[in-house]
Amino acid sequence: MAGDYSQVTMGTEFWAAIFGRSAPVEVEIGPGTGTFLLSEAAARGETNFYAIEASRSRAERLTALIEKRDLRNVRVVHAPAQCVVRLIPDASVTAYHVYFPDPWWKRRHHKRRLFTPGFTRELARTLVPGGRVYVATDVLFVWDQIQEYLEGSGLPLSTLPVPPRATPTAFERKGLRRGVPIWEGTFVRPSAASAATQAPMESWHTVAADRT
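Counting from 11, one number per residue, gives the positions in the sequence shown under my numbering.
Hint data in this document are derived by calculation from the structure and do not stem from the laboratory.
It is possible that part of the hints are untrue.
[What the hints assert, rightly or not] Okay, the calculated beta carbon distance ranges per label pair:
#1 A89 <-> E158: 35 to 41 Å
#2 P171 <-> A89: 29 to 35 Å
#3 G30 <-> E158: 34 to 40 Å
#4 R187 <-> L97: 35 to 41 Å
#5 R123 <-> E70: 36 to 42 Å
#6 A52 <-> V190: 34 to 40 Å
Where is the CB? At the ideal position from N, CA and C, for every residue including glycine.
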């Protein structure tokens, strides 16, 4: 949906200009083929879903599927997530979903990795109090790095489970076929009340059970 957002500053106005309505907003970064996004959007019509996809071809295919299924609570933008998140108003996102980000194995590609201290600070800034970042990966060092950066940005790992994905993503299915454990967790921006009373939580990993 195109529009002039130059005069839009508040979070509710920003998202209402994009979706044409006011509703809780969840953002998926790197939806890929859209397995999770399409399923969630169809099941939860009361929520707006905003997808950020770096691949033009994937973004175009996903947009076509959304139009075919007449999902009016989804928008897709083709752009680097690091750039888009910087434009999102403070405290306006209910949840971020980041499932199986590319680990970029080669040293020369490390700069392309999604999670950096600066990026996680932007996630923290844009989350509402009590907002969540749901993460899953099948690469242990990626999980360790994500946890370090998110917790360093004031988003502690919670005991809250990652919502079950009714339809596993393409990368998740590949990992499960190989018998690779899935590392996942929910990171939460504390509310003012909880931040004052919350004791430091011991670091831990969530390892998904075999879902086959």
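How the hints compare with the structure:
1. A89 <-> E158: 35 to 41 Å: violated, 26 Å
2. P171 <-> A89: 29 to 35 Å: Since the Cβ atoms of P171 and A89 sit about 30 Å apart, the hinted range of 29 to 35 Å holds.
3. G30 <-> E158: 34 to 40 Å: With a Cβ separation near 39 Å, G30 and E158 satisfy 34 to 40 Å, so the hint holds.
4. R187 <-> L97: 35 to 41 Å: About 38 Å separates the Cβ atoms of R187 and L97, which means 35 to 41 Å holds.
5. R123 <-> E70: 36 to 42 Å: violated, 25 Å
6. A52 <-> V190: 34 to 40 Å: Given range 34 to 40 Å: violated, Cβ gap about 28 Å.
The earlier numbered hints that this structure contradicts are 1, 5 and 6.
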